[in-house]
Amino acid sequence: MLTRKQLELLDFINKRMDADGVPPSFDEMKEALDLRSKSGIHRLITALEERGFIRRLPHRARALEVLKLPEALERPKFRPRVIDGDRPDQPLTKTIGVEATVHMLPLVGRIAAGMPIEAVNNDSNNVAVPADMISGSGNHYALEVKGDSMIEAGINNGDVVVIRETSTAENGEIVVALVKDHEATLKRFRRNGSSIALEAANSTYETQVYRDDQVKVQGRLVGLIRTY
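Residue numbers are given in this note's numbering: position 116 of the sequence shown equals residue 1079, and the series is strictly consecutive.
By construction, these hints were calculated from the structure, which means they are not laboratory data.
Being a predicted model, the structure only gives us computed values, none of them experimental.
Virtual Cβ for every residue (Gly too), placed ideally from N, Cα, C.
Treat the hints loosely; a few may be bogus.
Claimed, not checked - No farther apart than 16 Å at their CA atoms in a straight line, the calculated lysine to aspartate or glutamate pairs in the EDC-like style are these:
#1 1031 / 971
#2 978 / 1095
#3 1179 / 1128
#4 968 / 997
#5 968 / 991
#6 1031 / 994
#7 993 / 971
#8 993 / 974
#9 1031 / 974
As the list claims (entries may be wrong) - Derived CB-CB ranges, DEER-like:
#10 1144 / 1095: 33 to 41 Å
#11 1154 / 975: 21 to 29 Å
#12 1144 / 1010: 46 to 54 Å
#13 1134 / 1014: 34 to 42 Å
Could you put together the complete structure from these sequences and hints?
Now the structure itself:
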């Protein structure tokens, strides 16, 4: 049997993944459960592992796999999902079962998760994406990530991100941003008046701030594919 806090944490992680595909960070989990420190989250994660609801994946820092839900949280057609990184753990990555419906999306090039660089176009490849990763209306495409500026959001060098085309974004969303009409980058979007900040998820990178006419949103992150 799970304690109330253990149940709350498991439910919070699962609902966040179901809602927007992005698992909560340790700070978000701490705030949601009204705990004073991240160490309390670590203890709850350890307890959930000992009870068989999650397991830690070897050779990756803080990597967890949700194995099952208790009856109180059980949802139809639940499938295990992997979460990775400071947002424990691999946000947006989902296990594809044999029964899963997939879409083929064009892998159109590379996107910088570091300092902005010119996008590399290459529309000769396709990538298989779970159908439930295709969110909302509009076109979707895939990009290979180059760089490490988003690793604390669980987005690593070499990952493939799934993007829904859009020209608008809400504060806090991870977007493909075209900077000064020729440099593409994957960053968290923040608007403040007439300025736009593109935030990294890596403490070694500085936030880049531009005039709003220097940044064009080209898409919003809705999924991530990782190959091992």
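Results for each hint:
1. 1031 / 971: It holds: about 14 Å lies between the C-alpha atoms, which stays within 16 Å.
2. 978 / 1095: holds (15 Å)
3. 1179 / 1128: holds (12 Å)
4. 968 / 997: This hinted pair holds, its Cα atoms lying about 10 Å apart.
5. 968 / 991: At roughly 14 Å apart (the allowed maximum being 16 Å), residue 991 and residue 968 satisfy the hint.
6. 1031 / 994: This hinted pair is violated, its Cα atoms lying about 24 Å apart.
7. 993 / 971: Given that 16 Å is the threshold and the Cα spacing comes to 11 Å, the pair holds.
8. 993 / 974: The given pair, whose Cα atoms are some 14 Å apart, holds under the 16 Å limit.
9. 1031 / 974: Holds, at about 11 Å.
10. 1144 / 1095: 33 to 41 Å: Distance hint for residue 1144, residue 1095 holds at roughly 34 Å.
11. 1154 / 975: 21 to 29 Å: holds (27 Å)
12. 1144 / 1010: 46 to 54 Å: Holds: the Cβ-Cβ distance is about 51 Å, inside 46 to 54 Å.
13. 1134 / 1014: 34 to 42 Å: Once the Cβ atoms are compared, 37 Å apart, the range 34 to 42 Å for residue 1014 and residue 1134 holds.
Of the numbered hints stated above, the single one contradicted by the structure is hint 6.
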